[in-house]
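Just so you know, the protein sequences line up as chains A and B, in that order.
Residue 102 in our numbering sits at position 102 of the first sequence, and the numbers go up by one each step.
For any residue, its number in our numbering is found by taking its place in the second sequence, counting from 1, and adding 1000.
Quick caveat, the hints were computed from the structure, so don't treat them as lab data.
One should not assume that every hint holds.
What the hints assert, rightly or not - DSBU-like, lysine-lysine: derived pairs with alpha carbons at most 35 Å apart:
| hint | chain 1 | residue 1 | chain 2 | residue 2 |
| --- | --- | --- | --- | --- |
| 1 | A | Lys77 | B | Lys1331 |
| 2 | A | Lys49 | B | Lys1320 |
| 3 | A | Lys318 | B | Lys1314 |
| 4 | B | Lys1331 | B | Lys1314 |
| 5 | B | Lys1084 | A | Lys77 |
| 6 | B | Lys1084 | A | Lys314 |
2 protein chains.
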Amino acid sequence: MQKVEVQLGQRSYPINIDTGFSALLASLADARQVVIVSNPTVAPLYLAKVNALFSNSPQHILIEDGEAFKTLASFEKIVSFLLKQGMSREVLLVALGGGVIGDLTGFVAASYQRGVRFLQIPTSLLSQVDSSVGGKTAVNHPLGKNMIGAFKQPEQVVISTATLTTLPEREFAAGMAEVIKYALLGDNAFLAWLLQHSEQIGQQQPDILAQMIQRCCLMKADIVSRDETEQGERALLNLGHTFGHAIEAFMGYGNWLHGEAVAVGMIMAAKLSAHRGWLSQHDVTLVSSALQCFGLPVTMPDAMHIAGFLPYMKTDKKVKHGQMRFVLLSKLGQATLVADVTERELLQVFG
Amino acid sequence: MQKVEVQLGQRSYPINIDTGFSALLASLADARQVVIVSNPTVAPLYLAKVNALFSNSPQHILIEDGEAFKTLASFEKIVSFLLKQGMSREVLLVALGGGVIGDLTGFVAASYQRGVRFLQIPTSLLSQVDSSVGGKTAVNHPLGKNMIGAFKQPEQVVISTATLTTLPEREFAAGMAEVIKYALLGDNAFLAWLLQHSEQIGQQQPDILAQMIQRCCLMKADIVSRDETEQGERALLNLGHTFGHAIEAFMGYGNWLHGEAVAVGMIMAAKLSAHRGWLSQHDVTLVSSALQCFGLPVTMPDAMHIAGFLPYMKTDKKVKHGQMRFVLLSKLGQATLVADVTERELLQVFG
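The shape of chain A in the complex, shown without the other chains (with noise of 0.2 Å):
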């Protein structure tokens, strides 16, 4: 088994990493009040052993799948569940699936009585490399993707590579995306590793998952500690997302997983990163190569064009000052915020 421990005080907590779910800590297990939040896809191939966790019976309440389904109505059916249900503030919420439900479900311990427990079982690789870490919660709006959230860190992640085999090959694909990011934005050294592991992570080979993975949370576990709440270094996690997020958004909700999103966006930000001198051509390459390497999109959807980007990026979260920044590469391996792009930069490198 793999730890990754994210220090926050004491709201500190432990990430574990196995071939099971048997990690779970025995404060969480023991919990009066439990309710799980799954998918349709998800709940008929691992509720009933997330269950047999507990000691009282868990609830559950199944969300359907797909982020068109991470809205304020998918929030609120929860919390009137909860409600019927009786649960109190003691209730502790579980989060069983990918990305959509941990940002769903976390957002309602956040908000349900002005705060609940919570705990994260991602079994998306997405969600365990990325979203399940960290305390980023979050509904989508129809005018910008995660808009309406809060910060929220759960009591412990429980990552089951096991929950890879069952996982559709393009969504494992679109949670490679992330995982490169990780290498693009902090760790060159990384990204040979993945390049060299590439037919073993195919075959999703559980002990080089379980290190991939663990390098994954242990990189945005030191991020997310020095911090938490994103007043700077966190930022650069964003790497490929502001041109992804308005992928998403144009492209609607669920057409484009945001993995694929993220691919392209990073592209960009290669190709941007080139056009000021600080990547070369050869750098763009090797970072398309990557992508295509694990099944990934390297081009923008052909019925977006620049110009259909700009309205998303103007209401993106890292805008400042009323001037849209960018996480750019210095360098393969190094990322920065980037805050003097202009519309006439992006239509010379992307127009």
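Starting from the structure of chain A, add chain B where the hints point.
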């Protein structure tokens, strides 16, 4: 001008009590993006005055007046407005109104882009002495009051006693319920002071009102700084509220004012305390007289038998280990949290 400092480490902030709004901090007055949330009753009276405090013209959105609009739907309406107006994570949200506007705006400030700046300008007595202090924000759910919310501290609370001159008499009385609550739960000398000054309070003498409001804010700030997220002592501020919330929900939000319901709730808490031998019959009569002296009701609604309270009390946020918990009076001026009240005892006292 009176001032109370709420001590919460890095999130400490001042409450300024004056006859106008001029105490606004420069760091807030100079905010680049400002959105004022108010209602159609308060805005015609004070919006222009508050607008003039800021160096950059604020925008504003009005939410219909009353507890019935402290909903997730109003929350969503404000979020949509902020997104349509292109408000970034730097926006300062200003709550200009009573408890409903404060609680609603505060929850938006906690959640919009995972948290933005927040200023409280409470214009009702109840919000000045209670709901604007301490960072509890929330919206109601049909199955329970304040069931969805967050702890979100403002950067300042600006109180003008002049706003009380335009407050309907019934609402002023409702605010006095919370004032009397402070005396009952922690300061018997304050109860004597209130009765001595009842005439000047009724006449709204500004210096007496400022003293009274300051005393309440001091008591609340003290408790909040020791127990921000209500792990213990802060629950004592709920004196009368378990019964009160049940009355509000049973009668339909907005039909009974919160303070009116709390007044009856405090009488019920006093009677339950007397049943346990903690208060004398004379004490109960004194509480009742004080409430009536300031125009408050002291008997539960005719339509509501004690059995009608139970479903609401069982979903109260203070419920722990499945047990209802009540704030009772161990003596006048001293409250205590009690976990062993049974349905049988409630029926004995109120049946």
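Structure-based check of all given hints:
Using a Cα cut-off of 35 Å, the hinted pair lysine 77 of chain A and lysine 1331 of chain B is violated, with the two alpha carbons roughly 43 Å apart. A hinted pair counts as satisfied when its Cα atoms are at most 35 Å apart, and lysine 49 of chain A with lysine 1320 of chain B qualifies at roughly 28 Å. At most 35 Å may separate the alpha-carbon atoms for a hinted pair to count; lysine 318 of chain A and lysine 1314 of chain B exceed this at roughly 43 Å. The suggested pairing of lysine 1331 of chain B with lysine 1314 of chain B holds, with an alpha-carbon distance near 26 Å, which does not exceed 35 Å.
About 25 Å separates the Cα atoms of lysine 1084 of chain B and lysine 77 of chain A, which keeps this hinted pair within 35 Å; it holds. Pair hint lysine 1084 of chain B plus lysine 314 of chain A holds up; C-alpha atoms about 11 Å apart against a cutoff of 35 Å.
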